[in-house]
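Protein chains: 2
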Amino acid sequence: MQAIWLQNQQLSYRTDISVPTPANGEALVKVLLAGICATDLQLINGYYPYTGILGHEFVGEIVQAIDAPERIGERVVGEINVACGKCANCLNNQPTHCIQRTVLGIINRHGAFAEYLCLPLKNLIPVPTSVSNEKAVFTEPLAAALQIQQQVAIRPNHKVLIIGAGRLGQLIAQTLVLTGCDLQVVARYEQQQQLLQAHKIAWILEQDIEKHNFNIVIEATGSTTGFNLAIQAVQSRGIIVLKSTYRDMSANFSSIVINEITLVGSRCGSFAPALRLLENKLVDPTSLIADKFHLSQTLQAFEYMRQPGILKVLLQMEN
Amino acid sequence: MQAIWLQNQQLSYRTDISVPTPANGEALVKVLLAGICATDLQLINGYYPYTGILGHEFVGEIVQAIDAPERIGERVVGEINVACGKCANCLNNQPTHCIQRTVLGIINRHGAFAEYLCLPLKNLIPVPTSVSNEKAVFTEPLAAALQIQQQVAIRPNHKVLIIGAGRLGQLIAQTLVLTGCDLQVVARYEQQQQLLQAHKIAWILEQDIEKHNFNIVIEATGSTTGFNLAIQAVQSRGIIVLKSTYRDMSANFSSIVINEITLVGSRCGSFAPALRLLENKLVDPTSLIADKFHLSQTLQAFEYMRQPGILKVLLQMEN
Numbered sequence: 029m030q031a032i033w034l035q036n037q038q039l040s041y042r043t044d045i046s047v048p049t050p051a052n053g054e055a056l057v058k059v060l061l062a063g064i065c066a067t068d069l070q071l072i073n074g075y076y077p078y079t080g081i082l083g084h085e086f087v088g089e090i091v092q093a094i095d096a097p098e099r100i101g102e103r104v105v106g107e108i109n110v111a112c113g114k115c116a117n118c119l120n121n122q123p124t125h126c127i128q129r130t131v132l133g134i135i136n137r138h139g140a141f142a143e144y145l146c147l148p149l150k151n152l153i154p155v156p157t158s159v160s161n162e163k164a165v166f167t168e169p170l171a172a173a174l175q176i177q178q179q180v181a182i183r184p185n186h187k188v189l190i191i192g193a194g195r196l197g198q199l200i201a202q203t204l205v206l207t208g209c210d211l212q213v214v215a216r217y218e219q220q221q222q223l224l225q226a227h228k229i230a231w232i233l234e235q236d237i238e239k240h241n242f243n244i245v246i247e248a249t250g251s252t253t254g255f256n257l258a259i260q261a262v263q264s265r266g267i268i269v270l271k272s273t274y275r276d277m278s279a280n281f282s283s284i285v286i287n288e289i290t291l292v293g294s295r296c297g298s299f300a301p302a303l304r305l306l307e308n309k310l311v312d313p314t315s316l317i318a319d320k321f322h323l324s325q326t327l328q329a330f331e332y333m334r335q336p337g338i339l340k341v342l343l344q345m346e347n
Numbered sequence: 029m030q031a032i033w034l035q036n037q038q039l040s041y042r043t044d045i046s047v048p049t050p051a052n053g054e055a056l057v058k059v060l061l062a063g064i065c066a067t068d069l070q071l072i073n074g075y076y077p078y079t080g081i082l083g084h085e086f087v088g089e090i091v092q093a094i095d096a097p098e099r100i101g102e103r104v105v106g107e108i109n110v111a112c113g114k115c116a117n118c119l120n121n122q123p124t125h126c127i128q129r130t131v132l133g134i135i136n137r138h139g140a141f142a143e144y145l146c147l148p149l150k151n152l153i154p155v156p157t158s159v160s161n162e163k164a165v166f167t168e169p170l171a172a173a174l175q176i177q178q179q180v181a182i183r184p185n186h187k188v189l190i191i192g193a194g195r196l197g198q199l200i201a202q203t204l205v206l207t208g209c210d211l212q213v214v215a216r217y218e219q220q221q222q223l224l225q226a227h228k229i230a231w232i233l234e235q236d237i238e239k240h241n242f243n244i245v246i247e248a249t250g251s252t253t254g255f256n257l258a259i260q261a262v263q264s265r266g267i268i269v270l271k272s273t274y275r276d277m278s279a280n281f282s283s284i285v286i287n288e289i290t291l292v293g294s295r296c297g298s299f300a301p302a303l304r305l306l307e308n309k310l311v312d313p314t315s316l317i318a319d320k321f322h323l324s325q326t327l328q329a330f331e332y333m334r335q336p337g338i339l340k341v342l343l344q345m346e347n
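Quick note, the sequences are listed as chains G and Y, same order. Residues in the first sequence are numbered consecutively from 29, following this note's numbering. Residues in the second sequence are numbered consecutively from 29, following this note's numbering.
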């Protein structure tokens, strides 16, 4: 089958990969549409030493399922963390923190930039009929955006700042605006600003951030600059949510202590709430789509996506 | 009067300082005993550009109080943050985060390493008769230790690790052991280990820290080494409390996000709970006293205190 292979930080389009064989409890899924994410770019940059098929955002169709033949033909999205179910974290109801986990296209499990992938049946969540493939492919990042509210209570009277209006920043903004909170988003590029404006979300420039005036700041850039802006924007005893992929970076820890700031690291979320918001049309991610490329054009898609201000790039498996 | 003066990171013993005049609402306090803290060492190292009389841990006696003459003769300890009562943080019941605050011996307010100091009457808390000066002088750091539990709920079944068994680490250990939690303290020096043992608190060496196995880790060293140990020790979705004075340091932010760790900066606490624990003999800090020096010998006291493993050094005003 066709697939996008990552090895030694080199991406290649291959046609010599075998269709995978599902393990016990797994299904074979035909990928319909996949999305490129910042984590994919980071993996190419060597953030984590992954070798195999890249990609973790997808919508697909179950084509083989020995343990549940009635599910063949189901249109599905897939939770990317595959848990052992037996370790301390699994038993503590934290499957996304399973010590033995594999993660689709990230840790020890071939990913979604391919014609087919395998995932356990329990990871595959049916997509409601009214949710198009173009929306469903955003389930994974939308779930990650909602994980913020799973970890931190955002109150209607909170003043909230999102730093970064890229792919994830836009989705976070669309979920946080639903809380009724007083929301501002730092957006650098005109396209990002227009998109926020279309959703009636207030955007500002970096230099206009009010200092120490936000109850909660979401850092969605993954950069030292973004983190330092967050430290300046958050009020005493406020919360900064770290919602990106970070390298080691130098930070001003004294102001975290002096201002008694709380930092919350946030990663993957549950798919069900994300699908509910898509089904109820409370979030519409399709305006984020910058372009679609055929899987065979993935390397060009990555080049295109590295331009500043480009939002979501999708990969389709058929012409 | 005699006082210890800090200027351009140089400490000097002076006898030419005038006895201060209390402002409206303030009292004049004769200092009986004062304690040297890590923050004093950091101020000398240039952590914050302070000029004036150093020192913020003390017990004293009110000798002048125009607005409350009935309080003259009271033995008191003093909350070190002097708040304006009018700014957003003060109105939000966060006086320790007052935007205009002065802080005894730290920010724009002469400190306690002197014969006399001034503080607002409302900052001065009476010391119960049964609490000796040697105990009362620990009220401020003990309040800082208790601030951890003001911010983070420590449950009886939590596994808790304290990294650092110095002055503050020992006080934190004595407060956390009262929760019944499963507590371990990383202690490098024999004297620290013996002190913990005397309080029936389990100590371990750095190399024996169980990885990713603690619900809550208290970082009380202020060092990059300590912080990295904390990151390794805390479990997924666990909490690291930053309880020290930090410089800028480089940290592994990716593991904070991947393991969804929460970092909580923690500073000053309320004095009343600290005095209750001292009065009820639930905490006994006197075993931490390494030595006492006369105020005129403060420079030698600082030299003595820079030796590794030395715990609390006190300054007395009379021979």
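What the hints contain is simulated information worked out from the structure, not anything from laboratory work. Treat each hint with caution, since some may be false.
The list treats identical chains as one, so a pair stands whether inside a single copy or across any two.
[As the list claims (entries may be wrong)] Taking lysine-lysine and the PhoX-like style, the derived pairs with C-alpha atoms no more than 25 angstroms apart in a straight line are:
#  : residue 1 : residue 2
1  : K228      : K58
2  : K309      : K114
3  : K150      : K228
4  : K58       : K320
5  : K228      : K114
6  : K114      : K239
7  : K187      : K114
8  : K150      : K239
9  : K114      : K150
10 : K239      : K320
11 : K187      : K239
12 : K309      : K320
13 : K239      : K228
14 : K320      : K114
15 : K187      : K150
16 : K320      : K187
17 : K58       : K187
18 : K320      : K150
19 : K58       : K239
20 : K58       : K114
21 : K150      : K58
Cross-check of the supplied hints:
1. K228 <-> K58: Classified as neither; 37 angstroms inside a copy, 61 angstroms across copies.
2. K309 <-> K114: neither (37 angstroms within a copy, 45 angstroms between copies)
3. K150 <-> K228: neither (37 angstroms within a copy, 48 angstroms between copies)
4. K58 <-> K320: within (18 angstroms within a copy, 76 angstroms between copies)
5. K228 <-> K114: For K228 and K114, neither the intra-copy (45 angstroms) nor the inter-copy (35 angstroms) Cα distance is at most 25 angstroms.
6. K114 <-> K239: Answer is between: at 18 angstroms across copies they meet the 25 angstroms cutoff, but 46 angstroms inside does not.
7. K187 <-> K114: The answer is between: 20 angstroms across copies meets 25 angstroms, while 41 angstroms in one copy does not.
8. K150 <-> K239: Cα proximity of K150 and K239: none, with 46 angstroms in one copy and 30 angstroms across.
9. K114 <-> K150: within (15 angstroms within a copy, 56 angstroms between copies)
10. K239 <-> K320: neither (40 angstroms within a copy, 44 angstroms between copies)
11. K187 <-> K239: within (12 angstroms within a copy, 37 angstroms between copies)
12. K309 <-> K320: Within one copy only: 22 angstroms inside, 70 angstroms across.
13. K239 <-> K228: within (23 angstroms within a copy, 46 angstroms between copies)
14. K320 <-> K114: Result: close neither inside a copy nor across copies, 40 angstroms intra and 56 angstroms inter.
15. K187 <-> K150: neither (38 angstroms within a copy, 32 angstroms between copies)
16. K320 <-> K187: neither (36 angstroms within a copy, 49 angstroms between copies)
17. K58 <-> K187: Neither, since 43 angstroms and 45 angstroms both go past 25 angstroms.
18. K320 <-> K150: neither (29 angstroms within a copy, 66 angstroms between copies)
19. K58 <-> K239: Result: close neither inside a copy nor across copies, 49 angstroms intra and 39 angstroms inter.
20. K58 <-> K114: neither (29 angstroms within a copy, 63 angstroms between copies)
21. K150 <-> K58: within (16 angstroms within a copy, 71 angstroms between copies)
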